[in-house]
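In case it helps, numbering that gives the first Met the number 0 puts the sequence shown at residues 0 to 203.
Everything labelled a hint here was simulated from the structure, so no lab data went into it.
There could be a bad hint or two in this list.
Listed next, with one range per pair, are the computed distances between beta-carbon atoms [claimed, not checked]: (1) Ser66 to Pro137: 26 to 32 Å; (2) Ala186 to Leu68: 33 to 39 Å; (3) Lys123 to Arg179: 23 to 29 Å; (4) Leu9 to Lys123: 20 to 26 Å; (5) Ala5 to Ile180: 38 to 44 Å; (6) Val14 to Ser66: 22 to 28 Å; (7) Val4 to Pro178: 44 to 50 Å; (8) Leu57 to Ile180: 28 to 34 Å; (9) Leu1 to Thr130: 32 to 38 Å; (10) Pro178 to Val2: 49 to 55 Å.
Backbone N, C-alpha and C fix where the C-beta goes; we use that ideal spot for every residue, glycine too.
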Amino acid sequence: MLVAVAAFALAAVVVILFPGPDTLVVLRSVLRGGRRRGASAAAGVLTGLTIWIAVAALGLAAVLRASELAYNVLRIAGGCYLVWLGVQSLRSMLRHEQAPEQGRGGIVGTGFFAGLVTNLLNPKVGVFFVTFLPGFIPHGYPVGVMSLLLGAVFVVLTVAYYLLLLASAARLVDWMATPRIRRRLDAVTGFVLVGFGVRLAAEV
Numbered sequence: 000m001l002v003a004v005a006a007f008a009l010a011a012v013v014v015i016l017f018p019g020p021d022t023l024v025v026l027r028s029v030l031r032g033g034r035r036r037g038a039s040a041a042a043g044v045l046t047g048l049t050i051w052i053a054v055a056a057l058g059l060a061a062v063l064r065a066s067e068l069a070y071n072v073l074r075i076a077g078g079c080y081l082v083w084l085g086v087q088s089l090r091s092m093l094r095h096e097q098a099p100e101q102g103r104g105g106i107v108g109t110g111f112f113a114g115l116v117t118n119l120l121n122p123k124v125g126v127f128f129v130t131f132l133p134g135f136i137p138h139g140y141p142v143g144v145m146s147l148l149l150g151a152v153f154v155v156l157t158v159a160y161y162l163l164l165l166a167s168a169a170r171l172v173d174w175m176a177t178p179r180i181r182r183r184l185d186a187v188t189g190f191v192l193v194g195f196g197v198r199l200a201a202e203v
């Protein structure tokens, strides 16, 4: 079992380090409200991961995998939400906002809610755990218990990743708050989020 957990941990590190919508939403939250709001967004992502892991361990995520309608509803909703976040960033760039707390997306588009919704509305996360976890469960061990254990390992590694990310981002908050840099970051974040959203919603 220890070999399986170690192998899973190595594979999980590779997956976690690959940037995706969750990481981008955390960075956007840092940009909009500093380290505290970024930490709140990370907490939202982690809550979403925990929910998906619990669902996968109970076998309910397999239903999502099998149900094309349920998968497509979540996929399109998640894609639309990411596009909305991207548009908010682009609008912020056009308005030349200078204060992190300003902006219409300050509550819904950043912080805990943004992290939670971005994660939960991405059905790939649920399908990922259903397809990824079983490959590391040793023969003869209870699937549900091992899924929860491996999921816990994934969450702990993700926590470590976000702690490092936020520690690094905190040093850049003042630099990120510079109006010129802020506009450029808003532009990059906006286009990337829109790209993620369109790709997720349009995926066949």
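Taking the hints in turn, this is what the structure says about them:
no., hint, in the structure
1, Ser66 to Pro137: 26 to 32 Å, "29 Å, holds"
2, Ala186 to Leu68: 33 to 39 Å, "36 Å, holds"
3, Lys123 to Arg179: 23 to 29 Å, "35 Å, violated"
4, Leu9 to Lys123: 20 to 26 Å, "21 Å, holds"
5, Ala5 to Ile180: 38 to 44 Å, "41 Å, holds"
6, Val14 to Ser66: 22 to 28 Å, "24 Å, holds"
7, Val4 to Pro178: 44 to 50 Å, "48 Å, holds"
8, Leu57 to Ile180: 28 to 34 Å, "45 Å, violated"
9, Leu1 to Thr130: 32 to 38 Å, "23 Å, violated"
10, Pro178 to Val2: 49 to 55 Å, "53 Å, holds"
When each numbered hint is compared with the structure, violations occur for hints 3, 8 and 9.
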